[in-house]
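Trainee: Got two chains here, separate frames each, mind docking them using the hints?
Protein sequences appear in the order of chains P and C.
Reading the first sequence from the start, the letters are residues 1 to 248 in our numbering.
Reading the second sequence from the start, the letters are residues 1001 to 1116 in our numbering.
Treat the hints as calculated values from the structure; they're not laboratory data.
Any given hint could turn out to be false.
[Said to hold, decoys possible] From the structure, some residues in chain C lie toward chain P, with a derived Cβ separation under 10 Å:
(1) S1028
(2) D1057
(3) Y1058
(4) N1060
(5) S1061
(6) I1064
(7) R1073
(8) N1075
(9) R1076
(10) Q1079
(11) L1096
(12) T1097
(13) E1101
(14) A1102
(15) L1113
Backbone N, C-alpha and C fix where the C-beta goes; we use that ideal spot for every residue, glycine too.
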Amino acid sequence: MEEQQHPSEKKTPRDAANWAGRVDKLHVSGVSPEALNLNVEGRRVLSPLQGFGQMWQKTYRMRLPRSVATPETVISTWKERYAEFWPKGNRFYAPLTGIRPGEVGVINATQGPMRLSTGVLVLYSDDTSFTFMTPEGHPFAGWITFSAHEEGEDVTVAQAQLLLRPGDPIYELGFKMFGSRTEDKMWQHTVASLGAALGSPGDVETEIVCVDRRRQWSQFGAVKHNAIFRTTLGAPMRGIRRLAGPRR
Amino acid sequence: MQDAQVVMTVRKASDSVSVIDIEGEITSFVEDALNRAHAEASEGATKAVVLNFDGLDYMNSGGIGLLVTMLIRANRQGQKLAAYGLNEHYRQIFELTRLDEAIGIYDDERQALGSL
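Here chain C stands alone, though its shape is the one from the complex (with noise of 0.2 Å):
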């Protein structure tokens, strides 16, 4: 199995919303760190999680398809999801899987954190 390339920081932007940092490569292989990362966004009294694309360099359907099984999962906790930082080919992505239907997608944090 490959490594996982890709560093995800969680922090805390208030006491309900987390934001998870994903600095490279959304991948099948990323798995267990998507999950250890939400597992830590949510902890507390966490009623939303936002998503920071800004430093993605690669995502294959594989990663998509995580990105469907961690919403499921945040619904499933009461929580919503929102995402920025996507560009003009991911934001593409984004709507041709219709992701964009269930995901927030805003421009930058600020618009991000403002939705919720």
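Chain P extracted, bound-state conformation (with noise of 0.2 Å):
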């Protein structure tokens, strides 16, 4: 009789490089001093079914000729450059080992009087993909996965993909009023910025779907995390201290 295998004693899989290990709560590190790191260290990663607004899933693409880049050039391209095809007023500071599974970046932002401090999980990555996870407290529960893949004989297609929930209910007022919009941008920006640095600038194509119209309201305590306040109102707290200068 042939003896049953336990799927938990099955061989390590092909992707298992690809993954983040184990992650109870985030841990900053390696990434530049002048970055501002709030709201990222020991905070929980969530996904799109634990935040509170409806659920959306926005995918951003260009078509680039294969000639001019491969997936696999596509996302190396977008892991070591990253940062630079962020819109002005947004910091990404990547850890300086890059944009591996398990590594975690801090996000600066300014939009108006409003300041964000918050940061992204690097959970999976490979050749031709990599996704980002983020916090609590973030603006948005879930992944952006970025990736490359080919389309027929000479196309190369490049896109984002997120697929998330609005934390908490003022991001989700937010998201409906001015933010979804505001995404839209920076993602099409980001897009973009990295087609013209491969040498094949373009359009960008928006495709947006409503995955899951109800709200949790289960998540409505999520506020508490809410990052851009966090950031926003501890701002002259901040300069305060700084003002006072090191406590002895």
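Mentor: Here it is as structure tokens:
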């Protein structure tokens, strides 16, 4: 009689090295000291299932001639120069070791009077894709997957795809009023900048799908982690502390 | 676009429970195959769908995203979703991505069916 193998005893899968290991709480290390590092340390990561607002899938894609870039070239360029492709006012501080599974990056952004310090966990990374996962307090709970694939004989498709729910009721309101459009502009800019950097400027195609219209009222309390509030309202206190100098 | 490297077979465990046996890879390229399998599994009076990952040999983050959208679709249809056959590595991914909070994870089919 053939011995049954328990699922947990199977051989190591091919994708094992591409995923972040077990992460209970985020820990930031190896990012530039100029980064304002708030709302990341000690936070749990969130999937699109944990946020408050409606769930959206947003895809921003660009077609490039294969002669300009293969899927592997697109992703290696994206990983190496990720921060360069963001619009003005937004800074991404990648870990010094680069975009690798399990690493944590810090995000600083400014929108009018609002300030945001948050971050992302590199959930997954291989030669043709990588995925960020957001922490508690981030404007949205979910994933951003950057990928590239072949289309026909001559085309490489580069795309950023977000699967998200706004993280709390305030973010949900902001998302409806202006946040969603702001985000579209940001990712369109990012993908277009990538294309330009690869020597192929062009149009970015946008596809937006509402995956789940329901709001998750059980997540109402997530507002206590709201990173925009904590960053913006905490700014005067941080200024006073800086003026007061180091504690003895 | 790459071809889907997966075979999904749907079978009925009872009048109200369907099982989808997954052999191969779960990546963003299997969206159509997964949608078709879920549609077939939902025929009749299906109240629960069990995913058998015993034959899973590769999964990327695009694949995990597809499982989230499938879960939402199943919830909308009033269905429960359960899974079994995940090895330690994939169980850890389900925990990391917090999918395990929405999809019941079991060691084998008997346990999965017993939970529904």
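Trainee: What hint numbers does the structure not satisfy?
Mentor: As far as the earlier hints go, 10, 15 are violated by this structure, in ascending order.
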